[in-house]
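Visitor: Sequence:
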Amino acid sequence: MYGCELWNNCSASDVARLDSAHRFCIKHMQGLHKSISTDYCICVSNASPIVTYMDYSKLKLLGQLCRLSPKYLVKDVFHNRLLRYMNLENQSVGFMADVYRLLGKYGLLQFLNEYIETGLFPTKFTWKMIIDKTVILQAKIDVAQRHLCSDQNNLLENVIRPGNCSPLWDIATANPNLLTAC
Numbered sequence: 126m127y128g129c130e131l132w133n134n135c136s137a138s139d140v141a142r143l144d145s146a147h148r149f150c151i152k153h154m155q156g157l158h159k160s161i162s163t164d165y166c167i168c169v170s171n172a173s174p175i176v177t178y179m180d181y182s183k184l185k186l187l188g189q190l191c192r193l194s195p196k197y198l199v200k201d202v203f204h205n206r207l208l209r210y211m212n213l214e215n216q217s218v219g220f221m222a223d224v225y226r227l228l229g230k231y232g233l234l235q236f237l238n239e240y241i242e243t244g245l246f247p248t249k250f251t252w253k254m255i256i257d258k259t260v261i262l263q264a265k266i267d268v269a270q271r272h273l274c275s276d277q278n279n280l281l282e283n284v285i286r287p288g289n290c291s292p293l294w295d296i297a298t299a300n301p302n303l304l305t306a307c
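Each number in the working numbering comes from the position in the sequence shown (counting from 1) with 125 added on.
Quick caveat, the hints were computed from the structure, so don't treat them as lab data.
Incorrect hints may have been included.
If you anchor each label on the Cβ, the simulated ranges turn out as follows [what the hints assert, rightly or not]: (1) ARG192 with SER138: 28 to 36 Å; (2) ALA299 with LEU234: 18 to 26 Å; (3) ALA137 with PHE250: 15 to 23 Å; (4) ALA141 with LEU234: 44 to 52 Å; (5) LEU303 with SER194: 19 to 27 Å; (6) VAL199 with SER162: 41 to 49 Å.
Simulated crosslink set (SDA-like; lysine to any residue; CA at most 20 Å straight-line) [said to hold, decoys possible]: (7) LYS230 with ILE255; (8) LYS152 with ALA269; (9) LYS185 with PHE246; (10) LYS253 with GLN270; (11) LYS230 with ILE266; (12) LYS230 with GLN263.
The beta-carbon is built from N, C-alpha and C at its ideal position, and this holds for glycine as well.
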């Protein structure tokens, strides 16, 4: 996923292929059959869908660009692209279009508006907490809700808690000798 924050021209089929590979890896690392529900596997492993990781990376890069010292050329290019995007509404692809779409999707547009008006942006730690809470946690809750509404809910009623690992992972980590019993 290195550099995924700059992938702004991925088609829906490209994202679907990435997501399929991601789901395969999650199931394989848990030793589960490919027919097991993906939402179940994602919940139990405390993972998120691949699109969530891409969104998170783009928003993280936005934070880095906004906090970057003005002495760097990259900051000038960022400001130039931001102004061009704001003045040319018909621009539908590119990093700025993705950022605006994501900020709107997760309700974070006020942070960019404040940056444009005042030049202030949250600190690295604060921005990470904000995007963790809005992007990652929301995706995990969405997956858990889908799973809880499915017909497999009765298997894990008391095991999955949104945003937390399954207790089974803690038990397996603490007692590696149980692996042979399985």
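Visitor: Hint by hint, say whether it matches the structure.
Guide: These are the hints, each one checked on the structure:
1. For the hinted restraint 28 to 36 Å between ARG192 and SER138, the CB-CB distance of approximately 35 Å keeps it satisfied.
2. Restraint check, ALA299 to LEU234: a C-beta distance of roughly 43 Å breaks the suggested window 18 to 26 Å.
3. Under the hint 15 to 23 Å, the C-beta atoms of ALA137 and PHE250, about 35 Å apart, miss the expected range.
4. Range check, ALA141 to LEU234: Cβ separation about 28 Å, and the 44 to 52 Å hint is violated.
5. Between LEU303 and SER194 the beta carbons are some 52 Å apart, a value that contradicts the proposed interval 19 to 27 Å.
6. At about 43 Å, the CB distance of VAL199 to SER162 agrees with the hint of 41 to 49 Å.
7. The suggested pairing of LYS230 with ILE255 holds, with an alpha-carbon distance near 14 Å, which does not exceed 20 Å.
8. Between LYS152 and ALA269 the alpha-carbon distance is near 16 Å, which keeps this suggested pair within the 20 Å criterion.
9. With a C-alpha separation of about 12 Å, the suggested pair LYS185 and PHE246 falls inside the 20 Å cut-off, and the hint holds.
10. Note on LYS253 and GLN270: the hinted pairing is violated, with a Cα-Cα distance of about 24 Å set against a maximum of 20 Å.
11. Between the alpha carbons of LYS230 and ILE266 the distance comes to roughly 16 Å, so the proposed pair stays at or under 20 Å and holds.
12. Distance hint between LYS230 and GLN263 is fulfilled; the C-alpha atoms sit about 11 Å from each other, no more than 20 Å.
In terms of the numbered hints stated before, the structure departs from hints 2, 3, 4, 5, 10, listed from lowest to highest.
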